[in-house]
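One letter stands for each residue in the lines below.
Protein chains: 2
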Amino acid sequence: MKEVTLKDIAKILGISVTTVSKALKGYKDVSEETRRSVMMLAENLNYKPNAIALNLKNQETKTIGLVIPEIVHTFFSNVVKGVVSEAEENGYLVITLQSSESNLIEKKQLEMLVDKRVDGILLAIADETETYEHLENLLKKEMPLVLFDKVTPTVNCSKVTIDDRKAAYEAVKLLIDSGCKKIAHLRGPLGAPNAADRHEGYVKVLEENGITYDPGLVYLCDGYSVEDGKKYAQKALKEHTDIDAFFTITDHVATGVLLHLNRNGIKVPEQVSVVGFSNSPISQVVIPGITTTDQSAVQMGREAVSLLLKEIATRKEKKPVEYFHVQLPTKLIQRASTKAV
Amino acid sequence: MKEVTLKDIAKILGISVTTVSKALKGYKDVSEETRRSVMMLAENLNYKPNAIALNLKNQETKTIGLVIPEIVHTFFSNVVKGVVSEAEENGYLVITLQSSESNLIEKKQLEMLVDKRVDGILLAIADETETYEHLENLLKKEMPLVLFDKVTPTVNCSKVTIDDRKAAYEAVKLLIDSGCKKIAHLRGPLGAPNAADRHEGYVKVLEENGITYDPGLVYLCDGYSVEDGKKYAQKALKEHTDIDAFFTITDHVATGVLLHLNRNGIKVPEQVSVVGFSNSPISQVVIPGITTTDQSAVQMGREAVSLLLKEIATRKEKKPVEYFHVQLPTKLIQRASTKAV
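From first to last, the protein sequence lines are chains A and B. Mapping of the first sequence onto numbering that gives the first Met the number 0: position 179 corresponds to residue 178, and the numbering continues sequentially without gaps. Mapping of the second sequence onto numbering that gives the first Met the number 0: position 191 corresponds to residue 190, and the numbering continues sequentially without gaps.
Do not rely on the hints blindly, as some may be mistaken.
[Stated by the list, open to error] Once the Cα atoms are required to be at most 16 Å apart in a straight line, the calculated EDC-like pairs of lysine to aspartate or glutamate come out as:
#, chain 1, residue 1, chain 2, residue 2
1, A, 10, B, 87
2, B, 24, B, 42
3, B, 61, A, 114
4, A, 106, B, 87
5, B, 107, A, 88
No lab work stands behind these hints, which were simulated from the structure alone.
Hey, can you work out the whole structure from these sequences and the hints?
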């Protein structure tokens with residue numbers, strides 16, 4: 000993405016931008032010596048007046064940018080691990096930034112990465128982000144971009160996701176097959192596409208199995224924390240005393256539900272079943288262990304880098320860029336928080 | 000750290016290194032035009048033959064490097080979060096790398112960061128690292144360096160740590176005060192300085208409280224995982240049936256111990272008490288909750304950046320560099336895995 004400007008040439012030679020401009024145009028008030036230096040440098044730096052098409056050759060920074068919503072989240076730390084490992088194995092370094100789910104911060108960080116002239120950007124879109132001009136702008140600049148986990152169909156670029164709809168469908172199907180009939184859903188924020196997809200999977204499997212979808216059983220979590228799980232389990236059970244299962248947006252939320260049930264002497268899974276999402280370490284160590292969906296976060300990070308490097312190489316060769324959507328397989332992991340089928 | 004070389008000049012002008020070298024020395028077989036271009040460029044890029052002292056002005060990359068042993072470890076992801084936040088607030092971007100506790104990888108990554116011309120480096124030393132020439136070399140190059148968490152007294156630079164000795168002392172004191180007499184220690188690797196410090200704290204508090212130190216009660220964990228905890232709890236209880244407490248190197252190891260005790264019907268804390276280290280989320284959600292030491296990882300990341308930026312600024316102003324050792328306070332958090340005092 001490095002674009003050589005008049006300013007760069009001026010700075011290197013320690014002369015004014017006007018002089019560089021005049022020299023390139025062959026003005027007579029520029030000394031022959033200066034003109035030659037400017038021409039030589041412009042040629043070797045591959046300067047193109049009003050350059051839009053950029054020659055990436057020799058201008059790579061071998062650095063890629065990674066913007067994730069939250070570093071301290073097992074899923075994303077695993078993604079970072081995958082990204083850093085795959086990048087390093089291919090000779091690239093990774094600048095990591097955290098948007099904290101804020102649209103404003105996300106925009107600012109993408110600008111910083113462009114200024115930094117990274118060779119490409121990996122992004123999991125912040126929950127708050129609902130319009131995508133800032134991403135369209137990246138594409139206009141021909142900045143290689145790969146979205147992962149939190150993506151949008153609106154932006155035309157490569158993507159790595161899991162099939163959230165299918166994963167949710169399978170998880171809730173397990174609950175239905177084990178005899179649950181009143182399944183609450185503690186879902187993620189409305190803006191988050193994967194939260195929307197999981198919700199869709201939940202609705203679909205209920206309907207296909209003769210259970211009427213009740214929007215009153217769906218609770219919107221503010222965050223993805225253990226505290227959210229406690230809070231909404233309490234609220235849900237107060238409003239619907241006959242809930243017999245919780246399908247939750249993350250293992251942390253599921254853990255909160257579990258803690259609430261444990262403290263209130265409600266037996267898991269005999270009275271209420273609990274399903275999480277992500278297969279975080281937490282889901283394996285709480286008692287009972289939480290049934291959850293494994294989404295191979297390290298693999299997601301590696302795939303995203305791999306698609307990005309492919310795009311960087313393609314652009315370098317000035318070949319037409321193809322976009323790919325890789326959907327990684329998920330695996331439903333049954334533990335003691337759900338009844339045997 | 001940007002050091003202009005003959006090669007850089009040659010590359011920019013599209014001529015050979017030999018020609019650049021000859022031009023700078025005024026050899027007659029170089030054309031006057033080339034000689035002038037080389038001289039002009041060398042002057043403006045501030046080229047110094049065999050430069051050791053570097054002029055950092057205008058050559059900042061506003062990027063810092065961060066090398067940690069393991070990204071997917073709650074303590075370190077919190078450090079990354081603190082580093083990224085503090086750096087960003089000060090206009091710096093962070094390149095994160097993971098050494099996986101390997102000395103070879105650590106060396107390679109530090110070299111990559113130097114090549115990348117970062118303005119400074121933050122490092123938590125890998126457990127495997129036992130000699131420090133690679134760090135001494137960084138200091139010789141005047142690369143600003145701050146060590147954190149896993150540090151060594153051998154290298155003279157700024158450091159951010161907790162007082163591991165004191166934290167371990169306090170944790171084991173709690174066990175003694177609650178009536179425990181046979182306290183096993185599942186410690187970290189021998190090479191890791193903080194594991195050594197915690198072990199020292201353990202030994203000291205035993206001796207000061209009239210309990211003879213028994214090296215047979217100390218088990219060396221290969222890693223820091225839940226699996227290690229299970230494995231060594233089993234081994235320890237087989238070899239010493241009267242162990243009444245475990246002081247462990249991390250909350251994950253403590254969780255493994257807890258799972259082993261739970262599965263074998265051993266009551267915690269009535270029969271055996273368990274103490275972890277770090278106050279990870281896992282320590283809060285297992286049942287019973289694990290007594291542990293909070294070590295404010297985010298704060299550690301922020302402090303490390305703050306010391307690094309101070310050093311970068313001092314070097315830029317060509318003032319003498321002072322090194323600081325910041326010891327962050329820790330807090331012993333009592334939960335249900337230990338008896339009341």
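Checked hints:
no., hint, result
1, A:10 / B:87, "violated (27 Å)"
2, B:24 / B:42, "holds (14 Å)"
3, B:61 / A:114, "holds (11 Å)"
4, A:106 / B:87, "holds (14 Å)"
5, B:107 / A:88, "holds (12 Å)"
Of the numbered hints stated above, the single one contradicted by the structure is hint 1.
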